[in-house]
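Using the sequences and the accompanying hints, generate a full structural model.
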Amino acid sequence: MLQFVIAGLVLGGIYAICSAGLVITYTSSGILNFAFGAIAFFIARFYYFLNTQHTWSILPAAILAIVVASPALGVVLYFALFRHLRLSSPMIKVVATIGLLVAIPAAAVLIFGNQAIQSAPGLAPQPVAVYQVFGVAVTLDQVIVYACVLATVIIGALVLRYTDVGLKVRAMVDSPAMTDLSGTNPTLISVGVWAVSTLFAGLAGVLAAPIVGLDPDKFTILIAASFAAVVAARLRNLTVAVIVALLMGIATSLIEGYLPPSSAWTTEFIDAVPFIVVAVVLIYELLRRGRVGETDAWGGALDRAITPQGESRLAGSTSSVVESASLGFFGKYAGPILLIGAVGVVPLIVQGYWVGVMAAGFAYAVILLSWTIVTGEGGMLWLCQITFAGVGALTTAQLANNHGWPVLLAVLAGGVVALLMGVVVGLLSIRLGDLYVALVTLTFGLLMENLVFTLPSFVNQGLGLTLNRPGFATSDRAFAYLCLAAFVIIALFIVNFRRSTTGLALNAARWSEAGAKTSGISVVQQKVIAGALAAAIAGIGGGLFALSQTTFQPSEFATFEGVVWLAVLVTWGVRSNAAALLGGVSLALLPAVTQSYLPTWTSNVTPVLFGLGAVSAAKFPDGVLAEQSRRLRRLVLHVRDRPDGTDLPDLTLAGAEMGPVATTRVAEHIS
Amino acid sequence: MPAPSEAAPSVGAEGAALAANEITVRFGGLTALAAVSLEVQPGQIAGLVGPNGAGKSTLLAVLSGLLRPNSGQVYLHGDDVTNASCRSRSRRGLARTFQQPELFMGLTVREHLMLAHRARVAPQRLWRDMLDPRSLLPPGREESERVDELLELLRLTRVEKAPVAALPLGVSRLVEVGRALASEPNVLLLDEPLSGLDIKASENLLSVFRQIVDQPGHQVSLIMVEHDVAAVLSLSDIVFVLDFGERIAVGSPEVIRIDPAVRAAYLGDSDPDPGPPAEPAPGRGDPA
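Here the protein sequences line up with chains A and B, keeping their order. Start counting the first sequence at 1; every next residue gets the next number (this note's numbering). Start counting the second sequence at 672; every next residue gets the next number (this note's numbering).
Think of the hints as simulated: they come from the structure by calculation, not from any bench. Every value quoted in this text rests on a predicted model; they were computed, and no experiment measured them. Note that CB positions come from ideal geometry on N, CA and C, so glycine has one too. Check the hints yourself; a few may be wrong.
Selected chain A positions facing chain B (in silico; Cβ < 8 angstroms) [as the list claims (entries may be wrong)]: (1) N450; (2) P470; (3) G471; (4) F497; (5) R499; (6) T501; (7) L504; (8) A505; (9) A508; (10) S512; (11) S519; (12) G520; (13) S522; (14) W601; (15) N604.
Pasting the structure below:
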């Protein structure tokens, strides 16, 4: 018993440091940092680089990595990104940190080199000393973890409670705007908070490396586990977060001790413990209050007043709506049609291997359309679309192989199964608020990945499940066009959805809950519809993707990979069907190109670029494609209007009647 | 205690379009509304006035279903709707506007009205239309006519295709009124509809309210929270005065205008005889 508690406190202690780091930045800036694990990985990798690759001794390496580099990274990230997110919508905040989550590990490989790391040393000298405490073996690494947790908790509590800095931080948590008005510089405090948070990340990373291994996926799972403690603390309560984190570590260790150790499923179950905690906490909250109340989680009245309502930043510039209206039908639809046509002829031109790559790209594009509907239209960030895709692929394989269904019918059935899961996930999360949607979907994805996709009958000793394409589309080329046809049909459905009453009502639910409810629209119902449709689309796309590979391989549907997909789509544009096509094709094409023609290290450049693309959503929420086509439209309007020297009627009206959006609103709010 | 100038409405008062009975709302230790009752007849315009923090917006939130009262009941056309959702109240003909306009930033002015109209007239279209390619076709004639009529009435025709994110506050208020009217309400709650409007726009909106109430064959009741007391007194049939969560007066505009308690509490009159309820009790905060 005691030995499990002692071992459990190590993992729990690392969870505790992570959750403390997550809570302080959430309470002070409203940003739940999904990139926390990536930052931890980066610092741990840096420490390994110094200590192992360059044989620095432990102390200078630890000081440079944890005490100097970690806070410095926080300061850099604050000025480069987080500062600009202060007034952004919750969704943009999440998208930006997800961009970092994708970019940072790849950047770490680029900077520190790509080498297989079997085991990473901790802060204790090798070989690690072992002590006997009450007859239980305790390593020096474990002792260091305890010391760090204790120091963090005690120093943190003392600083927050008794110092001037602590008072200012607490004031800023209550209201950054009021703190600013009363003469304290909120920037300085924010920088400090971010520096401390990344310091925690670095510390947790270096401490965790010997336990979980130096692997970005493992780190992300570790941090996702810390989210459990943060969720239990309702994102804000530091003490609760630390206690839950410690308890979770002990519980994990106890379960580990009492489950049969030989079974592979036991390890998977242990990985899943934190996610089960999240699920239990959320269900409890849902039953007790119906709503966790994330909307009033941040800032005071003034802060809320100057925060753009809903997600106006994601709406893109209103001028684009006016412009496209004045361009008429051709101006509005010519671009996408031309683009789909241009991409569509590629499989006819290229040969061999590349035709298959294009087929996979079109299947990816179908999956990406699921975000076009749930994020682009519904304003929610679902992080488990890849899981729905996996479910679709799995269902397809099961029905086609074991039950003799025609394969395309099985693909549709996969969509239906994903749809049902989408309804359940939506009902569980949507009531709780948008941030919880992101957390719950991430948790669901990791749970499915760990508990279902790893079942021996699906993994099939690493071979996966074989699939046969339908008879009329066995060649890569025919199958590519089958996928493209599916893409076009679903894209047309989305176009119709946007214009339909359902689409308008979803838009209403997204922008104003109070306005929608009092107009007779159920917010939850509309958002669940969007989530379920998106899940179905992802399921169908997943089935097509598995067919394009002619196998269902569970490892291809890892949740973290899905986050990369999201970053790719956000870079191109999350509101446009054409962007989904480009995103899908680039997902398939770029790795193929780098593998075939470029040096291996370049394979890490694309994630960095797409990660940064997602980060840039803070500035261009509509993505690259929308931004460029907006510029093109302006050019067209400019050229077209020059001969007679008159402006377009709509634009004149806009100029006369409407002020710039945000500034007017903010000014009115404050006055 | 509230001035007992009129008896509280009997439970589910006969014929009243909207009635609130002894509504109490507490936020923690703060009592935002203390046993406030109110009753509005069909076709009546009711003004709801009071200083900042009197509980006016809280009362509207309770009436529209955004907030559950700690005790008391709300009746819509005689039915107890205290525990009914906003949506079901909306389906029974209750609509409202907000102090800070709650508009749908991705939609145009016209789409706001269309959507509200459909949510009331054909709610099944909220989920059925996505499967129906006919939604790409222009909307039906009846709906278009109704929307045109409302746009005309509120003088919004010029901006009907504009996305609401680009509208100034005054026009946003008109859009909210339009959205509320498009749902064909029989009770309309207005939270400070005139603030942010210039004089011309205010006059236009007041005449619109008069028109709505007077239109033959469709009786609409209005409850209006407004700081412009002159406008409220000129328009209303009945006025309710709140102060610190209590109803301190109720009656016709003429009665309210000379009520000493109201003058003392709200109009800032230093009348030597303010009456007991007007004294703000020490220690009570701002419930708004």
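Structure-inconsistent hints, enumerated in ascending order: Structure breaks hints 1, 2, 3, 14, 15.
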